[in-house]
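These protein sequence lines are chains A and B, in that order. Numbered per the numbering used here, the first sequence finishes at 199, counting up by one with no gaps. Numbered per the numbering used here, the second sequence finishes at 1176, counting up by one with no gaps.
No wet-lab data here; the hints were simulated from the structure. Nothing here was measured: the structure is a model prediction, and the numbers come from that model. For glycine and all other residues, C-beta sits at the position ideal for the given N, C-alpha and C. Possibly wrong hints are sitting among the right ones.
Simulated crosslink set (DSS-like; lysine-lysine; CA at most 25 Å straight-line) [stated by the list, open to error]:
{"id": "1", "chain 1": "A", "residue 1": "Lys19", "chain 2": "A", "residue 2": "Lys57"}
{"id": "2", "chain 1": "A", "residue 1": "Lys127", "chain 2": "B", "residue 2": "Lys1058"}
{"id": "3", "chain 1": "B", "residue 1": "Lys1033", "chain 2": "A", "residue 2": "Lys127"}
{"id": "4", "chain 1": "B", "residue 1": "Lys1058", "chain 2": "B", "residue 2": "Lys1033"}
{"id": "5", "chain 1": "A", "residue 1": "Lys57", "chain 2": "B", "residue 2": "Lys1002"}
{"id": "6", "chain 1": "B", "residue 1": "Lys1002", "chain 2": "A", "residue 2": "Lys84"}
{"id": "7", "chain 1": "B", "residue 1": "Lys1026", "chain 2": "A", "residue 2": "Lys19"}
{"id": "8", "chain 1": "B", "residue 1": "Lys1058", "chain 2": "A", "residue 2": "Lys84"}
{"id": "9", "chain 1": "A", "residue 1": "Lys84", "chain 2": "B", "residue 2": "Lys1033"}
{"id": "10", "chain 1": "A", "residue 1": "Lys127", "chain 2": "B", "residue 2": "Lys1026"}
{"id": "11", "chain 1": "B", "residue 1": "Lys1026", "chain 2": "A", "residue 2": "Lys57"}
Some residues of chain A that are not near chain B, with every Cβ distance over 10 Å (derived) [as the list claims (entries may be wrong)]:
{"id": "12", "residue": "Met1"}
{"id": "13", "residue": "Ser69"}
{"id": "14", "residue": "Thr73"}
{"id": "15", "residue": "Ala89"}
{"id": "16", "residue": "Cys167"}
Partial list, derived from the structure: chain A residues whose beta carbon lies under 8 Å from chain B [unchecked claim]:
{"id": "17", "residue": "Thr51"}
{"id": "18", "residue": "Phe55"}
{"id": "19", "residue": "Leu62"}
{"id": "20", "residue": "Arg145"}
{"id": "21", "residue": "Leu150"}
{"id": "22", "residue": "Ile153"}
{"id": "23", "residue": "Met165"}
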Amino acid sequence: MTERDVDQQLVERVQRGDKHAFDLLVSKYQRKLGRLISRFVRDSAEAEDVTQDAFIKAYRALPGFRGESAFYTWLYRIGINTAKNHLLANKRRAPTSTPFDADDAESFEEASLLREVSTPENELMSKQVVDVVQASLLQLPEDLRSALTLREIEGLSYEEIASVMNCPVGTVRSRIFRAREAVAENLRPLLETSKGKRW
Amino acid sequence: MKQEISALMDGELFEDDVGMVLDQFKRDPATRKNWVAYHLIGDVLRQPDHIHSDLSAKVRERMQDEPVVLAPRGHAVKQKMRTFALSAVASLSAVGVVAWMSLQISPEIAPQMAMQQAALRPASMQIQPNSEDYLIAHQEFSPSADVNGGATYIRAVSYSSDEATLPSKPSENQAK
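Could you build all of it, start to finish, from the sequences and the hints given here?
Below you can see the structure in the form of structure tokens.
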């Protein structure tokens, strides 16, 4: 079972009327989609609204999604169209002169353009979250930190990580979970205090 | 359950457990919090410079006004049925062709056919000198006639070349 299969299972649940499943997809893709949309819509508040619109459009269009492409490719396409339509409605041009494809969305790196225009409060909150995650990662034992880094940053599968770390796949599964849980433990107080504001 | 959620988001959960974990998300809102936190950690590690706020609460709020989407079951089911039907028809056709061919060569007919073929096999034999005229006269019925094609005809013409002088005899007579 791949990540794409998990997405497909969630999509099928939404198609059977399960709104909770769509909520999980929103949680998973909101930042990736938001980052993509902020490539077109510079204003952070506007980009946030457009991202929400894109998710609602995707929800409405889901009955027609047949799984011929990956869900995220399909979602990114909706995101790009929503952003472009938003700019057209406001008679503004997309801040790019080159064709931009949904498939390239994840690999596109242009930090100066991608960085959203945030309010000081938002920036502070973001910084706190980033600091907590990075500090927690540094506190982890070496084997847990390596497993999580290889998974999240390098994108390796459990089998590949097992090969790199010379340990069984079950150990990799356990190490990644323990690493995530240790970081999440430090993050939860921050997420709960800022509930309803940003996170 | 947390370990299963961690494996699920990486696409590394055992297939049999996926349904159980997804059902748990519906039953227990706390499991969703873990899903959110784990994804946030991944996003921070990959893109620390670009962390968006959690939009899911706002999207959820807006979705309350949205009707529940229901994909026509026909879509997926019809597609699967069509694939199944096509492969079934192809398989049945193949079986039918094989069955028809095997009926053509049934155990009763097969020995007869073998005997007929043996009978048709060209036999090597010494040709008697006195049978040469017979063979020439009947060579058009020989199985090898088809293979020789025009050769038979050429031989017949050369054979009848002596006869071709016959029409000149009357003319000789006329000259006389």
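Quick one, are Lys1058(B) and Lys84(A) close enough, alpha carbons at most 25 Å? 22 Å, holds
Restraint check, 8 Å cut-off on beta carbons, for Leu150(A) near chain B: Cβ of Leu150(A) sits 11 Å from chain B, so the hint is violated.
Satisfaction of hint between Lys57(A) and Lys19(A), Cα-Cα up to 25 Å: 14 Å, holds
Decide if the proposed pair is consistent with the structure: Lys1058(B) and Lys1033(B), CA atoms, cutoff 25 Å inclusive. Roughly 16 Å separates the two Cα atoms, so the pair holds.
Would the hint linking Lys127(A) and Lys1058(B) be met if the CA-CA limit is 25 Å? 22 Å, holds
Lys57(A) and Lys1002(B): Cα distance at most 25 Å? Roughly 31 Å between the alpha carbons, so the hint for Lys57(A) and Lys1002(B) is violated.
Can we confirm that no CB of chain B comes within 10 Å of the CB of Met1(A)? Label violated. Min Cβ-Cβ 5 Å, cutoff 10 Å.
Evaluation of the interface hint that places Met165(A) against chain B, nearest CB under 8 Å: 15 Å, violated
Does Ser69(A) sit more than 10 Å from chain B, CB to CB? 15 Å, holds
Should the label of Ala89(A) as a non-interface residue stand, given a Cβ cut-off of 10 Å to chain B? Given that every Cβ of chain B is farther than 10 Å from that of Ala89(A), nearest at about 18 Å, it holds.
Taking only the CA atoms, is the gap from Lys1033(B) to Lys127(A) under or equal to 25 Å? 21 Å, holds
Given the hinted pair Lys127(A) and Lys1026(B), is their alpha-carbon gap at most 25 Å? This hinted pair is violated, its Cα atoms lying about 32 Å apart.
Hint compliance for this structure: hints 5, 6, 9, 10, 12, 20, 21 and 23 are broken, all remaining hints hold.
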